[in-house]
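**Student:** Below, each chain spelled out in residue letters.
2 protein chains.
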Amino acid sequence: MKQSLNKLFNPKSIAVVGASHDEKKLGNIVLKNIVESGFKGKIYPLNPEVKEVRGLKTYSAYAELPAPPDVAVVAVPAALVLRLLPAIAERGTRNLVIFSAGFKEAGGDGVSLDKELVELAQKYQLNILGPNCLGFVNNRLPINATFGNVVKNSGNLRFISQSGAIATSAFDWSAYTGLGFSDFITLGNKTIIKENDVLRYWLEEVPESSWVNRSKLAGGGSSRHRPIGMYLESIEKGTEFLELVKKFSLVDPVFILRPGKSSAAQAATQSHTGAIANDDAVLNEALKQAGAIRVDGLEDFFNVARAFAWEDAPEGPRVAIVSNAGGPAVVATDAAITVGLELAELSPKTEKILAEHLPKAANIHNPIDVLGDALADRYANALQAVLAENSVDAVVVILTPQVMTQIEATAKVIGELSHQTRKPILCSFMGGSAIERGERILNQYRIPSFRYPENALQTLSKMWQWRERQKGPRVAVKVAKLPAKPAKSGESYLKSIKRGAPRQALSSLEAQEFLRKIGFLVPDFIEIMSHDEAGAAAKKFGYPVVIKLSSAAILHKSDVGGVIVNIYNEDQLNKALRIFGKTITQTNLAKNADVSVLLQKQIVGGVDLIVGFKRDPSFGPVLLCGAGGVTAELWGDTALAILPIDKAGAEQVLKKNKIYKLLAGWRGSLPLATTMVYQTMEAISRLAFTYPEIKEMEINPLIVTESKCWAVDGRIILE
Amino acid sequence: MKQSLNKLFNPKSIAVVGASHDEKKLGNIVLKNIVESGFKGKIYPLNPEVKEVRGLKTYSAYAELPAPPDVAVVAVPAALVLRLLPAIAERGTRNLVIFSAGFKEAGGDGVSLDKELVELAQKYQLNILGPNCLGFVNNRLPINATFGNVVKNSGNLRFISQSGAIATSAFDWSAYTGLGFSDFITLGNKTIIKENDVLRYWLEEVPESSWVNRSKLAGGGSSRHRPIGMYLESIEKGTEFLELVKKFSLVDPVFILRPGKSSAAQAATQSHTGAIANDDAVLNEALKQAGAIRVDGLEDFFNVARAFAWEDAPEGPRVAIVSNAGGPAVVATDAAITVGLELAELSPKTEKILAEHLPKAANIHNPIDVLGDALADRYANALQAVLAENSVDAVVVILTPQVMTQIEATAKVIGELSHQTRKPILCSFMGGSAIERGERILNQYRIPSFRYPENALQTLSKMWQWRERQKGPRVAVKVAKLPAKPAKSGESYLKSIKRGAPRQALSSLEAQEFLRKIGFLVPDFIEIMSHDEAGAAAKKFGYPVVIKLSSAAILHKSDVGGVIVNIYNEDQLNKALRIFGKTITQTNLAKNADVSVLLQKQIVGGVDLIVGFKRDPSFGPVLLCGAGGVTAELWGDTALAILPIDKAGAEQVLKKNKIYKLLAGWRGSLPLATTMVYQTMEAISRLAFTYPEIKEMEINPLIVTESKCWAVDGRIILE
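Quick note, the sequences are listed as chains F and H, same order. Those letters in the first sequence? Residues 17 to 735, per the working numbering, in order. Those letters in the second sequence? Residues 17 to 735, per the working numbering, in order.
Heads up, some of the hints might be wrong.
With a cut-off of at most 25 angstroms between alpha-carbon atoms, the simulated SDA-like pairs for lysine to any residue come out as follows [claimed, not checked]:
#1 H:K120 <-> F:H381
#2 F:K674 <-> H:V576
#3 H:K674 <-> H:E649
#4 F:K591 <-> H:L129
#5 H:K168 <-> F:I423
Please keep in mind that the hints were generated in silico from the structure rather than gathered at the bench. Computed from a predicted structure; not experimentally measured.
For reference, chain F alone in the conformation it holds in the complex (with noise of 0.2 angstroms):
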């Protein structure tokens, strides 16, 4: 796909393939709407059985046409799509939206047909949106070439939908509230143009001028942003995805619903890293090194959609309440620190006018109560108050409609006030009819409201989440030059063991020997054979010792009791050895040819963390870090990184982990090796890179001690 999009999304002529009489028909619909969105440019209706549809002379064939359409919109039965469209493409026309159902995602039948799909595509350097998709509007044109019930609202928002019925939905919300848009763009099927094209065409050919001047939008009235949503059920080509993304969420406030928990029960892996960095672990981790925002369901998603086009983020996370009840003030302060905001502090100035303002009975200290007497101007007084306040970022504020309550000159103020500050007004009118006059007012001066206040704090959360990104720093550092192999030994280590038999992952032996090899601190160990070989090396090496059992075939040794620790005299050795010989006869690991007996010199103290990767097949490779030993799993206490990461980005990545307090110096300890923990982190980010035969690596644990960072033992799976 390296074929522009701007054609497709910019026609000056459109044909549609199945215009219809019947009013039912998806034809009929798409060339009403395309008829009443405004479109100026030719509308060539295809029907080969009538005559006129709304008043358009149709065409029966579309060689007949004219001139080759810049788009044709296809609303005819699967089979006959295929059909068609060689005539399609030899007239001249380039882009096509297919809403036709019946491919791929029916299965059966469908999934040659997409085949066909594809090759004709691909024969003809055909742009195709769907099929099965709802088609696009383009506002700015404007065009509204969809199926859909499409309020004309023209707006600073642009979505992408993979699904038609999400994209339905929110043309019903946009409707009810008034919220406007400049590009829907349904992809449905995504068997040819993507969502990375279309965030392409949105960077490299939408022109500057196409769009409202951003510093005529200060104010009231939009934000200042030009928000990007995305209803997404799979990403494709995720490392190009993320750098697109991450190019927009710089400038403007990217938001995307992407289900998942539920695909994240996933077949076994081998290593915890596997386990632990699921798909949706990774995508989230992902997404927010792309700066962009990940919402928690379809009404989170369309809270931030109005909140981002209405109101400009917020510039940090202190926010001022201002309620006439008592209740739902501490429903939203509790609100806004469950969410991660923070209650500003007013300045005694500010309070004092406050308490100049209001009622003796007030509360002047935010969350700030006006009482349930308040009319709208005690509302305006205590607003333009806190609004006037350097400490605070953003201010939600609350209604309930009691028996004084001005419900909708209160929305009036609140408007009017709204267009002298660039401080984000998030409001809550609570209840059901006697209060929806007032929102109808405030969807007019474009204040988000919400029903219930704890909505107004969860999406004003999402609002300074993408702020704090754009703002900080990002995890992910590109190393610019990739380093070349840490050291030659290792790769010859690895050709040496591939060829032998063929196998998936090395024994413990051969890790821990790779990992000496390129350059980890890996504490003495050796092959031991016998008694009396093992007595010696632990005398040499000094109590307290550690024996583990060796094989390919045991990737996780605790858990056939194949570590001993703890190990303070030869009378322990003697008896852990036994126990050993026990365990090999009855779990029958003799038989394997490599099983081994290995004696290391045991790490007292320490910290236990894990450090490994995994090739995730979108994001490629993704580091992950945190508490490990054997209960790394247990504790769940690990963050992740898309690859590769600098020094910088390793620490950034160790200190999401609750246990990096304990490497800091936790209650009295003394700090502890971080520096080489990070230097470790940076070393697996490029052996990611240099070596491709590696599947997943994890050295665990990987023990701190304040002054060494030793590799105690790792598990390698090869690809």
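Starting from the structure of chain F, add chain H where the hints point.
**Tutor:** Quick look at chain H alone, frame taken from chain F:
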């Protein structure tokens, strides 16, 4: 408050003190509300300045009333309330509803007015609702004695709200959705009548006959529940509250909104137990043990209210989703998993029925996709099939307004089918304006519908949570008779300590001595005075050993470097003692008379737990157990229980912790001595009741090995 509330909430006559012509005055509004609610008793308006209000003869003084009214509603300024009160009481009225604000909640003079009010209430034995309340509604009588705008919707819901504003919004929401209630009681300042009094009134004084027969309510229409919803900002007499709630929640759903996270940030406490078991966490656990549901905000509160009022709670967590679009079905599936529900697995028989009735392209596996062109009959067929399926406990129906969608007809078929089943059906008609008509029909059929599918699943999960708690075993099992103090020597030991200098806490040495005396297994320890003594003791105990600094002035030894572990030989011991020497000098500890050094045998291996208790001002002694050691607060892997508990309860509580997996035999390890942990927990529970002089205590770490459970260190705070 031993008096009956029956007359207050079921009056035969009622006086309105402060009845007014002014339609904006509360005294006018409440009079109007009483009259219009269809109250059949006598109404006496009082106002010395007018002859009649709303066609009713007014009286100028309470003493003039022809008979003593059962209830007086007082709508005059706070100061006047107190002046009028003696006359009201002396005329024989014992029940008052006071709207007036300006008491305790206003601070200043209000506080002393409040005191006077309490004195008068005691003197005349008055039941007072409020002050600063909105009154009450009893739709079973009927009477609406509030100044709110209440639409008369009778139903099975009961509400208690501390906040009048939240009641106001609730009335508006109820009007909007047609939600009905039987009782709505606002508490205001709770000066005299508190939540427990209302609960006791419902429990003991409302005859079964005043309710519509539960069995008649089966099927469509109302649920068979009589749900209780409470908005409380504080809970007084927590233990009694739990006992009452427990009684209700065994039969009916009880759901509670109590904001409290904001107050969770508390003053520094002296123990881990105190820090972890903050007010909010204790309340959470207390409500769980009482079988009640805690809701997450106002939206959740009203969603749950409507669902319990209209649908029976599901008998299991397995949900079927029927949707006319794939996208929202995926979002709903995600939400189901997030909130802890399960997707029902349909039987081959049901899938066969679905295959017969749905088009080929439809998805007959749960979540079921009836496709975008589904008319009402297709929904009906699918819904019928899943309702008949044994593995389905609840159904969520999703509708997106597509071209062909029959919004109203679909609402009707869902409504009709709901009459034939006791399984809950929750809907999500998605969108804004287009689906409103459908929503209205669903409201008429009393089927809860939500604009966003995730809200339907969140609500369903709360319903299931209640059912699960109702069916399941309760954690806290009352120990019928509290046992005698575990060991007399412990008591005398504490007494001897208290005879010394007054102090807040025991030193480590004393705590360990106390724990040993009352029967816990404490590893050998000794106070040492010299390097020689230390060497001798270490030899006797056997290495490795630990040394600890002990002083009542050090509660967190680790923080000051007061614990050195892993001492394997005499050299290391001497080095460690030298470090202590420095620590004592540097930290100025030497000035504490009781500072001493303690040498203790180190327990090698095992799992570190923490077990302790604190006293909650509302709910009494609370047990904490979970992952211990210096990292107890870091992991926060702890569970709480309101005490007392027995061994079975202890087991349930311990199993809530992640660390339980380590005890049960993690990754090839043998199971540890968990039974001894339960015994320890039970012993701590006993301690809480037999040693009132102990304010907080904890054993940390409690090291559990395969055969023992060692109380390695303790912290004991005195009252």
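**Student:** Determine for every hint whether it applies to the structure shown.
**Tutor:** Going through the hints against the structure:
| no. | hint | verdict |
| --- | --- | --- |
| 1 | H:K120 <-> F:H381 | holds, 18 angstroms |
| 2 | F:K674 <-> H:V576 | holds, 21 angstroms |
| 3 | H:K674 <-> H:E649 | holds, 14 angstroms |
| 4 | F:K591 <-> H:L129 | violated, 80 angstroms |
| 5 | H:K168 <-> F:I423 | holds, 23 angstroms |
When held up to the earlier numbered hints, the structure conflicts with hint 4 and nothing else.
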